[in-house]
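Please build the complex by placing chain P on the supplied structure of chain U, with the hints as guidance.
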Amino acid sequence: MTLFASQIVDGLADGAIYASLALALVFSYRSTGIVNFAQGEMAMLSAYLVWQLMAWGLPLIPAVLVSIVVSFIAGALLYASIVKPLSHASLLTVVSVLIGLYLALNSLAGFIWTYTIKPLPSLFPKAHLQFGSFSVSAETAGIIVVVGLVLLLLYLLFETTKVGLAMRGAASTPDSAVLVGVSVPVMLLIGWGIAAALGALSGILVAPRVFLNPTMMFGVIIYAFAAATLGGFDSIVGAVVGGLLVGVVENLVGTYVPWIGPDLKIIVALVLIFGTLLIKPDGLFGRKKVVRL
Amino acid sequence: MNVVIKPRLPIAVRAMVGATLAVVFLYVVPFVIPNYLVSQFATVLVFAIAIVGINLVTGFGGAITLGHAAFVALGSYTTAILVVRYGWNPYATIPVSAALSWVAGWCLGFPALRLQGLYLALGTLVLSITVPPVLKRFEGFTGGVQGLNVGNPEAPAFLPVDDSQWIYFVSLAVAAVLYVIARRILSGPLRRALVAARDNQLVGAVMGVDRATLTTATFAMSSLYAGVAGSLYAMIVGFVSPDTFNVMMSLSLFVGAVVGGITSLNGAIVGAMFIQFVPVWASDIDVSLGGLVFGCALILTLVAIPAGIGGLSERLFIRLCARLGWVEGASAKRSAAAVVGSAQNEPA
Numbered sequence: 227m228t229l230f231a232s233q234i235v236d237g238l239a240d241g242a243i244y245a246s247l248a249l250a251l252v253f254s255y256r257s258t259g260i261v262n263f264a265q266g267e268m269a270m271l272s273a274y275l276v277w278q279l280m281a282w283g284l285p286l287i288p289a290v291l292v293s294i295v296v297s298f299i300a301g302a303l304l305y306a307s308i309v310k311p312l313s314h315a316s317l318l319t320v321v322s323v324l325i326g327l328y329l330a331l332n333s334l335a336g337f338i339w340t341y342t343i344k345p346l347p348s349l350f351p352k353a354h355l356q357f358g359s360f361s362v363s364a365e366t367a368g369i370i371v372v373v374g375l376v377l378l379l380l381y382l383l384f385e386t387t388k389v390g391l392a393m394r395g396a397a398s399t400p401d402s403a404v405l406v407g408v409s410v411p412v413m414l415l416i417g418w419g420i421a422a423a424l425g426a427l428s429g430i431l432v433a434p435r436v437f438l439n440p441t442m443m444f445g446v447i448i449y450a451f452a453a454a455t456l457g458g459f460d461s462i463v464g465a466v467v468g469g470l471l472v473g474v475v476e477n478l479v480g481t482y483v484p485w486i487g488p489d490l491k492i493i494v495a496l497v498l499i500f501g502t503l504l505i506k507p508d509g510l511f512g513r514k515k516v517v518r519l
Numbered sequence: 055m056n057v058v059i060k061p062r063l064p065i066a067v068r069a070m071v072g073a074t075l076a077v078v079f080l081y082v083v084p085f086v087i088p089n090y091l092v093s094q095f096a097t098v099l100v101f102a103i104a105i106v107g108i109n110l111v112t113g114f115g116g117a118i119t120l121g122h123a124a125f126v127a128l129g130s131y132t133t134a135i136l137v138v139r140y141g142w143n144p145y146a147t148i149p150v151s152a153a154l155s156w157v158a159g160w161c162l163g164f165p166a167l168r169l170q171g172l173y174l175a176l177g178t179l180v181l182s183i184t185v186p187p188v189l190k191r192f193e194g195f196t197g198g199v200q201g202l203n204v205g206n207p208e209a210p211a212f213l214p215v216d217d218s219q220w221i222y223f224v225s226l227a228v229a230a231v232l233y234v235i236a237r238r239i240l241s242g243p244l245r246r247a248l249v250a251a252r253d254n255q256l257v258g259a260v261m262g263v264d265r266a267t268l269t270t271a272t273f274a275m276s277s278l279y280a281g282v283a284g285s286l287y288a289m290i291v292g293f294v295s296p297d298t299f300n301v302m303m304s305l306s307l308f309v310g311a312v313v314g315g316i317t318s319l320n321g322a323i324v325g326a327m328f329i330q331f332v333p334v335w336a337s338d339i340d341v342s343l344g345g346l347v348f349g350c351a352l353i354l355t356l357v358a359i360p361a362g363i364g365g366l367s368e369r370l371f372i373r374l375c376a377r378l379g380w381v382e383g384a385s386a387k388r389s390a391a392a393v394v395g396s397a398q399n400e401p402a
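Note that the protein sequences, when read in sequence, are chains U and P. According to the numbering used here, the first sequence is numbered sequentially starting from 227. According to the numbering used here, the second sequence is numbered sequentially starting from 55.
Among the hints, erroneous ones may be present.
To be verified - Pulled from the structure, derived: some chain U residues nowhere near chain P, Cβ distances all over 12 Å:
| id | residue |
| --- | --- |
| 1 | Leu-286 |
| 2 | Leu-334 |
| 3 | Val-376 |
| 4 | Ile-493 |
Stated by the list, open to error - Where chain U lies over chain P, by a calculated footprint (3+ residues, C-beta under 8 Å):
| id | stretch |
| --- | --- |
| 5 | 187 to 198 |
| 6 | 339 to 348 |
Simulated from the structure, these hints should not be mistaken for laboratory data. Note that the coordinates shown come from a computational prediction; the quantities given were computed from them, not determined experimentally. Positions of the beta carbon are idealized from the N, C-alpha and C atoms, including for glycine.
Next comes chain P alone, as it looks inside the complex:
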């Protein structure tokens, strides 16, 4: 039997972890490392947002999607078109992207219900392949092959940061909010309902889990994440073009989700760093090495650590907490002993 151990850190340790994270994200990344890396880290955050979306729909919803770049494209182009053609404030386009991609996800989630397993993977893959030609076709609106020049939003004058640091902080804020929302979604009854519907539909249905609504809603939510990621991506790069959102982007996000851990929200940042930096390093050696490393990493992760890097470290962390006695409820040991005792008292 699996005993659920909930780690509960002493306040001092928690404060230290929090402080370290704050120093890393708020000081080291934006101010210490070389400036050209800052906007790359902003991209990492954006990828992490999209990967959290994949975690939701694939990891917990059990629906394999290979076409997340389609929603990233939707978000990016919403921002680009509103900014370039209608002169909107770029930040104001984020909610619009979120709403649009949520609706699009809801619409796609409906067929997704009927397309189980492989068919959904196939359908989303094909969707993703179709996106660049469609974007190129509606030239008057999307700018065609040339794309659209969004421009990078400028940092407010009263803050002592430059443009790339500013967009990094914006991405960080959005990512943090979305991360907390995902955590809330995935704690408590909704998580159990999702997992029940994923692992055994029949049992889930008997327990009163409405799989249809749940899957569609998860799909919509995950598209929303991708759409917001797309909006931010357009602002970071300052430019959108159809071939950015090709099938490679979809597959990269998928690779990131698996390598980071498909059910690990914390792993999303690891996966995002993997897909942002590994191709850059690899292409210094050979152009084609990136794909080779991706492919091998995907296969090796599944063979060696199916839970992904994030999942593995979460497990180790829980084990460490258990070893140190930092678990929820001081009486955990006693109640465990009581359970064993009562089991022994039962007649065989």
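This is chain U alone, in the form it adopts within the complex:
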């Protein structure tokens, strides 16, 4: 039973990381209708930035904060420089440009920091928290708490501030938002910035577990895709629930289904994505798209 419980908790921690990256995907999708295939690679660069700042002598926590701020700015710049000019381009062009970006960023990391793995210290101490007979590593608990806090902040931003309201307006009905004086491009800019910052968070949380290397986000982005698809690409709640679900299911399947085991866990993501798209293409929480002819 304790194995089961600890698998659930580990799953939630993995799920929290997937959720933050899935949220990043959802933010860029909601604001511009684009699935950012390069999101994982941007997150990887953010994690490398933390390592570089620490190599230059900054302590861990400030390095993480600087990296998240820089990622926010980079995300906004990416929107302004590449995504915005593509707003009327064909889907093929958009996908190609993002794939190009993915390839270029991945190689850029290899070019600057080489392909040898680097350790990134964890944000959390190497302790165990004991609850009766049940123990959780501080890292697992810490990841859940940090992502939870960030979600709370986002919730407050969207529900209680004017900027949040404007962003929701710009995402749901841009034409009406313009009429009440919301600058839609600025809101989309902020949306992409938040997306990049959330991606950075996921990269920084995952890097200590898998070591820094240019391909480290492969195993994360695929589950984040699954999470966002499962939850519905335009739903913030969906991304969080989807992320946690994917994390738990992935861990349980890896442990209890011997035929699949840890090597083939990745198939969970494939099955979830195709299953969702076939059975309920809008996901659990997504809005149904209605097209006026």
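Frame of chain U, contents of chain P only:
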């Protein structure tokens, strides 16, 4: 209004072009250039076959696929398993690969119908990421991480060619047949139906285009191309291993298709040469340069020449033919004048 100009070359010019192509493909590539390059050119042909498949499904079918390496893997492993485990003749495995990947493409084409645009790109990308772990898992069958040793087919003794030249000729023959088939598919009514379904589903449906069947069939056909490419790839390399068919291969093929021109069958060979040789040259300078060049090439192509290298040169070629008067129907000018005349006669 767009006037469709069909180039029609004088017989002498056509014969010269044909002869030049024949000399290049049948003599210069296999016999003149250094021997180690010959098998690389065989790989180029194989990539070109797979890229023609992408042209069909993405360029004309309008369905973006980022996971073609999955079908290449299917073809390669079909050949490898039949040869290694069941002792088949390698050439006999090509039709089996073709049939299997056609069926697989048909099965995937069905969800592809429901997955529009981005979702299909996403789904195929994830499919491609899943392939290597699955291949590694079923070790007893696929040889696991070590892969399978297929061996290069030997050239027949009565021909004065070595093994790499032989496999080059085999690839050339297969590529030529598949190229002609693709050209046939893409000339005439089927092309118009595909383009109609791609550009405006509603109008297509009104015109009686059954998009569902058409998209599924295109997907199946394009997978067949990838599967055959995979079979040949296994024979050229003589060895298959799971990590060859990773997501980078899928994305490379996509890059090749875009750089060569997504709707240009002739561009497929350009795209294939690009993805075969550029990483080799780039990695001489730095290991990571290949991906950087790929990424930049992809973005630059779309910004500068969206039709790709193949599409651009086809356009220039048509313009040249029009300039030289080598167009279909000697009365082209006269009929154009007649159209203008009748338009003027109509009441405003």
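Comparing the hints with the structure gives:
no.	hint	verdict
1	Leu-286	27 Å, holds
2	Leu-334	6 Å, violated
3	Val-376	25 Å, holds
4	Ile-493	6 Å, violated
5	187 to 198	holds (count 4)
6	339 to 348	holds (count 8)
Checked against the numbered hints given earlier, this structure breaks hints 2, 4; the rest are met.
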